[in-house]
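The chain contents come next:
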Amino acid sequence: MNAYGTKAGKSLKKHWQLYLLVIPPVLYFVVFKYIPMFNVVLAFKDYNVIKGIWGSPWVGAKYFDLFFRNPAFPTLLKNTLFISLYELAVNFPVPILLALALNEVRSVRFKRTVQLITYAPYFISTVVMVSIIILFLDPNQGIVNQILQALGIPATNFLGSPHLFRSVYVFSDAWQTAGYSAVIYLAALAGIDPSLYEAAKVDGASRLQKIWNVDIPGILPTIVIILILNVGNVMALGFEKIYLLQNPLNISTSEIIATYVYKIGLLNANYSFATAVGLFNSVVNLILLVLVNAIARRISSNSLW
Amino acid sequence: MASRSLRIREPFGDRMLLGMIYVLLTLVLIATLYPLIFIVSSSFSSPAAVSGGHVWLWPVEPSLIGYRAVFHNGQILTGYANSLFYTVFGTMISIVLTTMIAYPLSRRTFFGRSGLMVFIVFTMLFSGGLIPTYLVVKAVGLIDTRWALLLPNAIWVWQVIIARTFFQTNIPDELAEASEIDGCSDIRFILQVVLPLSKPIMAVLALMYAVGQWNAYFDALIYLKTSHLYPLQLFLRSILIQNNASGTINAADAAQQLQLTGLMKYSLIVVSSLPVLVIYPFVQRYFVQGMLIGAVKG
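As you go down the protein sequences, you meet chains A and B in turn. Numbering of the first sequence is given in our numbering, commencing with residue 1 and proceeding in unit increments. Numbering of the second sequence is given in our numbering, commencing with residue 1001 and proceeding in unit increments.
Okay, chain A solo, but in the shape it has when bound:
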């Protein structure tokens, strides 16, 4: 303790300016991140505006009970999981495939062009992205339906069909983020030891064998880390986009836990109930993250911590 204490004291004395610098950012984290974490006690209380969070009476698990017994609960959970897993199944492998394909291209110019173009949609805002989707999928004037009709396929109201909602969400995401997400894999591919390729060449490996035996093992650590991060985001899925894509026709498949929290919490001012639902979401998310991390560590010795 003593040696430790003097070490800290020495560092503090010598580098007091660094400690001073850290104060405002630390305050930021305390105020906007940690105090809200303590505010989740709201989930176990009956919130009363006048009494405030700490003065409001405790009600135990009342709101969790209310949520789990709510007829909407199974649907919300199903929608949230279904969209997330679909998203994971498509938008986790697509960037990897894109990166592997780009890595084979020898023409620098072609490679650059593809990268530059596929990267661009990432910078489009959610609001604009959703309005593009709505404009393109319009049942009467949308370009997608015009193309389909030109091919002899009847017009479809994509956003008005509950069973198509998930596909619209997932594939528009692929369009928007695949190029951006591929960058990290391309970086990992560029970092593979060139001697491995030489060895593969000497062994007479075909292109496909080289991808399978050198490229993929080479980027496996990156793949695992990204997979963990993605699974850790399963419950925290793109609220902003889903909320904007919702309409009365597709609500049966598009209502997820996050949009529900927003509606009952801020629009209906039911703070305690919304906090309980949000807390449920965060906890499930955290458990998933810890679980996947543990599995990854056991299987591949790659993990976040």
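If you are wondering where the hints come from, they were derived from the structure by calculation, not from laboratory data. Among the hints, a few may not be true.
Said to hold, decoys possible - Pulled from the structure, derived: some chain A residues nowhere near chain B, Cβ distances all over 12 Å:
#, residue
1, 85
2, 93
3, 277
To be verified - The calculated label-pair distances, taken between Cβ atoms and stated as ranges, are:
#, chain 1, residue 1, chain 2, residue 2, range
4, A, 156, B, 1059, 20 to 30 Å
5, B, 1058, A, 140, 17 to 27 Å
6, B, 1197, A, 190, 20 to 30 Å
7, A, 41, B, 1277, 27 to 37 Å
Unchecked claim - Now the stretches of chain A that chain B is said to cover, found in silico as 3 or more residues with beta-carbon under 8 Å:
#, stretch
8, 15-25
9, 111-120
10, 266-276
Every residue gets a Cβ at the ideal spot worked out from N, C-alpha and C, and that includes glycine.
Dock chain B against the given chain A, drawing on the hints supplied.
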């Protein structure tokens, strides 16, 4: 990689695969590019051509009517000005705060840095959620003020990690120690040595924060009530998604009005996305660099 003089004729299977890859990537390129071209072309067409579905690839009956409507819309101009304000000041605040914590975290001599790192990273894993955060912002008195868009999300943990990794690898501890012996204070060292050496990472931070700020709508949706504070994205939502075009456009009849609104949407998409899309090819190099730095597990 392979030197050309040594190249042996590749086996048939390999050439097949390469051919397929080129075809596939070309398709990806078209699929990405076509919607973008379609939007730009529509925005330069006439109202009737857009609503009649005559635009396929290039502008039909070229006109600037859509853009004129956009620039005559008071809401959009207000939103544009507000978004510029939020982007400039929000980005500045974010960069300063991020550097203030990332640099000390990168120094070995900074006692307690691993504890502080855990303190920060934990906020990535667990959050209080929407309502508890909202109540804090309310308690601090930021609701319906410009600060509500500048402060509550000012620091992104991921950016701190990237910046810290950059400082760690690019500002050697020996350099800091040497200047310390010369009697240079930490803050002077940061201002005169660290920052000039950190242009690439500053560019990355600026781009990421600026794009994030320019594109954000959710914080504005929950924290702002007065429309003259609204950022562009919130007006876009009401015009593009909720179809509430304000009546500042003078069109002879309802049908014409409807056509014009349809056209204006395309012009509006172009106008609102332009600042970001124009800047990004120039900073792309730094951007990729930044992602690489972040990819090295810190």
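Results of checking the hints against the structure:
1. 85: Nearest chain B Cβ is 21 Å from residue 85 of chain A, so the label holds.
2. 93: holds, 14 Å
3. 277: Violated: least Cβ distance 9 Å, not greater than 12 Å.
4. A/156 <-> B/1059: 20 to 30 Å: holds, 27 Å
5. B/1058 <-> A/140: 17 to 27 Å: holds, 22 Å
6. B/1197 <-> A/190: 20 to 30 Å: holds, 24 Å
7. A/41 <-> B/1277: 27 to 37 Å: violated, 45 Å
8. 15-25: Per the Cβ count (8), the hint holds.
9. 111-120: Satisfied; 7 residues make the cut.
10. 266-276: holds (count 4)
Violated hints for the displayed structure, listed by number in ascending order: 3 and 7.
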